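*Asks:* Top to bottom, those sequences are chains A and B. Each residue of the first sequence is one higher than the one before, counting from 792 in this note's numbering. Each residue of the second sequence is one higher than the one before, counting from 7 in this note's numbering.
Just so you know, these hints were derived from the structure itself, not from any lab. Because the structure is a prediction, the values reported are computed rather than measured. Each residue gets a CB set at the ideal place from its N, CA and C atoms; glycine is no exception. Hints are supplied without guarantee of correctness; some may be wrong.
Unchecked claim - Once the Cα atoms are required to be at most 35 angstroms apart in a straight line, the calculated DSBU-like pairs of lysine-lysine come out as: (1) Lys1127/A with Lys104/B; (2) Lys822/A with Lys832/A; (3) Lys899/A with Lys879/A; (4) Lys79/B with Lys832/A; (5) Lys1012/A with Lys832/A; (6) Lys1012/A with Lys822/A; (7) Lys915/A with Lys899/A; (8) Lys136/B with Lys822/A; (9) Lys136/B with Lys832/A; (10) Lys1171/A with Lys1012/A; (11) Lys1016/A with Lys79/B; (12) Lys104/B with Lys136/B; (13) Lys136/B with Lys1012/A; (14) Lys822/A with Lys79/B; (15) Lys822/A with Lys104/B; (16) Lys1013/A with Lys1171/A; (17) Lys1013/A with Lys832/A; (18) Lys1013/A with Lys136/B; (19) Lys832/A with Lys1171/A; (20) Lys1012/A with Lys79/B; (21) Lys1016/A with Lys822/A; (22) Lys79/B with Lys1171/A.
Said to hold, decoys possible - Facing chain A, a subset of chain B residues (Cβ under 8 angstroms, in silico): (23) Asp86; (24) Asp123; (25) Arg228.
Claimed, not checked - According to the in silico footprint, chain B covers these stretches of chain A (three or more CB under 8 angstroms from chain B): (26) 820–826; (27) 846–857.
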Amino acid sequence: MNDSPPEVSERSEYSPVLRPAVAGRSPDTTKTLSRRDRGFKRSSMVQLTLVRFREFIREPEAVFWTFIFPILLAAGLGIAFRQRGPDKLQVGVVANQNSAPLIQSLRKDSTLVVQSFDDSAAAKALRTGRITLLVRPTPQRDSVLYVYDRQRSEANNARVMVDRAVQVGAGRVDRVHSTDTFVTEPGSRYIDFLIPGLLGMNLMGSSIWGLGFTIVTARSKKLLKRLMATPMSRSQYLASFLASRLIFLILEIVTLLGFGHWAFGVPLRGSLATLLLICLLAALSFGGLGLLSASRARTTEAVSGIMNFIMLPMWIFSGVFFSSANFPHAVQPFIKLLPLTAVNDALRLNMLEGSSLAAVTPQLGVIIVWGILTFFAALKLFRWR
Amino acid sequence: MATTLESSGSALRVTGLRKAYADVIAVDGLDLNVEAGECFGLLGPNGAGKTTTIEICEGLLPADSGSVEVLGKRWETDADQLRELLGIQLQDTQLSEKLTVDETLTLFQSFYRNARDIGEVIDEVELGEKRSSRVGTLSGGQKQRLAVACALVGNPKLIFLDEPTTGLDPQSRRQLWDLIARFQSEGRTIVLTTHYMEEAERLCDRVAIVDHGHMIALGTPRELQESIDVSNLPPPEPRKTTATLEDVFVALTGRHLRDE
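Starting from the given sequences, assemble the full structure and let the hints guide the process.
*Replies:* Here it is in C-alpha cells:
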C-alpha cells in the first residue's frame, strides 16, 4: 500500500470495469440477519439500555458521586451529630479550710467534674465558661454559696445536682425511694432525619445528571444527530435512560439505606413496597426534570448551569439537611410544592413514622404531577439535533 | 468512464433545492442526479453548501424548497423506510469513547430490521484486532473506519460519506479509499464530499463542484480536467501538459481563502 504503484494502474484497479466480477455481494444479496435471528439481547431497547449502563459504570467519577459520596456524607454527618448522652457538668470549688469535705461529697456524683481553684482563678474559670457553677464554702460549716449564671440552663442544672450532692453528703436522707428506666428511641436522632433526605437528594441528582448530562454530551458530540440518521426509535432512546435509571435506583437505595441501617440503626418502619414505589416515582419524575434541562442545551457547560439552577433551591428548601419547617410560615405552601420536598416528606413518613401508602398520597400526587408536566414540556421543547 | 451500470436508474435526485439560514443562503437552487451504483463526488470550498445538501438528503435537515428523491422515495412520506436503506457518516460525530468497537457496532446493528453480521463488517474495515478496544483508545484512522462500519452495518443501498478522510494520515486515507472502492464494487451507490482532489479523481465516477449553493461544474474527473486550457493557468502551473482536478477546482472557485 505504501509503495504506491503509478497513478494510472491504481486508478484502474478501482475502475468500474472490475465490478461485475464481485457483483455477487450487492446489497440485495449480502447476507443479513433479521431482528428475529439476532435475538432479544440484540434488540435495540436492550442494547440502548446496556449502553447507558456501560457508560455509567465505566465512568469512575459518576460511580463515586452516586454511590460512595452519599455514604461518606451520611457517615460524616452521622458521626458529627451523634448523641453522646448528657454532658458532664464542670463545677469549681474555691479552696479554703472548709472545702475538703465538700469536694469529697461532690466527687461521689458521677455527673459532676469537680476542680478546686484559688479565689482569682475561680472567678476567671467561671467567666470563661470552663466551669458552669462555682461553689464557695463559707466560714460557717452549715452554709454554702453558689455562684452561677441563671440564664444558662446547664448552670441551673448544675445548681440542682451540686446542691443534692452537698445535702446528701451532709447526711440528708430521701424519703421516697426512686429508680430509673432509660429508653433510647431510634428515629428521633439527626442521622434518622438525614438518611431519608440524602436518599431524596441522591435520587434527584442521579436522575437529573444521568439524563441531562448524557443527552447534552451526545448532542454536543453530534452523536444524537448520527443516531437520528438511523432507524432508531426515538422513544426507545429516551426510555433506555429510564430503564437504566431503574437498575441503578435499586442499587442506590440498597447501598444508602443498607448503610444507614447497618451503621446507625436507622429504622425502616413502613412497608418496603411503598418505599420502593416512592423511590421509583421520584426517579421517573426527576427524570422528567433532567430531560427538560437537556431539551435545548447545546453544551455541557450550559446544561450544568441549568441543572444547578434547578437543584440548588431544593437542596436548601426541601429539607435535606435540616427541616424545611425552619423557613417562614408564608413560604411553606411553595416549599411543599417542590418535588424534592414531597419526596423527602414521603420517605420520612414511610421510614420513620411507618405511615401507610394512603398517608403519603398527597406527596406522591405532587411527584407525579411534576413528572407529567416536565415530560410533556421536555418532549415539546426537545431538539434532536 | 462508464456511468450507467447494470442496475441503472437514479439513486438520488435533487431538484431546485434551497436552504437559507438566518445569515446566509447555504443552498440556492441546486440540482443533482446520482445514478445507482456510481460513486459521486461533491466538491466545493468551505461554506459552499456541501454538508447542508448532504444533510437534507439524509433527512436530517428540512429543505426550504425544492424536492429530494432518495432511492425513489421521499422523506416527507417514507422516512422510516429510507433510514433502513441509507448508510451515513457525518463530518464530526464522536462515538461514545467508553464503548468498545464491538459494542458500538452491536448498538448500531440493533437499529436495523435487516443488518449485516458484526464480524463481517469489522473484517471489512480491518478492525479485527480492535474489536474489544474502547473507542477512546483508537487512532483517528481507526475511529473513522469505525464510523464507516456504523454506516455499513445496516446493509445500505446508498452511502453518504461527508469528508471521510479529512485529517487522516496517508496510510489511513488509502485504507479508506480501498474500502470505498469495495463498496462500489458491491454495487452500492456512494455520495461523498471531500477537499482532496486526488481522492475525487481516484474514487469518483462523476464529480460536481458547488460554490455559494450553486453547482458550477459537473462531469467525470477526466472531462473536467480536459475542460481547462492549461496555458491559461497562472504560474507555476503552466509547466504541466494536462490540468489536474485541483487546477479545475481552483480555476472555478477562485484562489481566495474560505475560512469557516
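*Asks:* Against this structure, judge whether each hint is valid.
*Replies:* Tested hints:
1. Lys1127/A with Lys104/B: Since the Cα atoms of Lys1127/A and Lys104/B sit roughly 40 angstroms apart, the hinted pair is violated (cutoff 35 angstroms).
2. Lys822/A with Lys832/A: Holds, at about 20 angstroms.
3. Lys899/A with Lys879/A: Holds. Lys899/A to Lys879/A sits at ~13 angstroms (cutoff 35 angstroms).
4. Lys79/B with Lys832/A: holds, 32 angstroms
5. Lys1012/A with Lys832/A: holds, 27 angstroms
6. Lys1012/A with Lys822/A: holds, 32 angstroms
7. Lys915/A with Lys899/A: Cα-Cα ~25 angstroms, so holds.
8. Lys136/B with Lys822/A: Roughly 23 angstroms between the alpha carbons, so the hint for Lys136/B and Lys822/A holds.
9. Lys136/B with Lys832/A: holds, 22 angstroms
10. Lys1171/A with Lys1012/A: holds, 22 angstroms
11. Lys1016/A with Lys79/B: holds, 21 angstroms
12. Lys104/B with Lys136/B: holds, 14 angstroms
13. Lys136/B with Lys1012/A: holds, 22 angstroms
14. Lys822/A with Lys79/B: Holds. Lys822/A to Lys79/B sits at ~24 angstroms (cutoff 35 angstroms).
15. Lys822/A with Lys104/B: holds, 30 angstroms
16. Lys1013/A with Lys1171/A: holds, 21 angstroms
17. Lys1013/A with Lys832/A: With Cα atoms ~26 angstroms apart, Lys1013/A and Lys832/A stay inside 35 angstroms; holds.
18. Lys1013/A with Lys136/B: Holds. Lys1013/A to Lys136/B sits at ~23 angstroms (cutoff 35 angstroms).
19. Lys832/A with Lys1171/A: holds, 31 angstroms
20. Lys1012/A with Lys79/B: Holds. Lys1012/A to Lys79/B sits at ~30 angstroms (cutoff 35 angstroms).
21. Lys1016/A with Lys822/A: Status holds; Cα separation ~28 angstroms.
22. Lys79/B with Lys1171/A: The given pair, whose Cα atoms are some 28 angstroms apart, holds under the 35 angstroms limit.
23. Asp86: This interface hint holds because 6 angstroms falls under the 8 angstroms limit.
24. Asp123: holds, 6 angstroms
25. Arg228: violated, 10 angstroms
26. 820–826: Since 6 is at least three, the answer is holds.
27. 846–857: holds (count 3)
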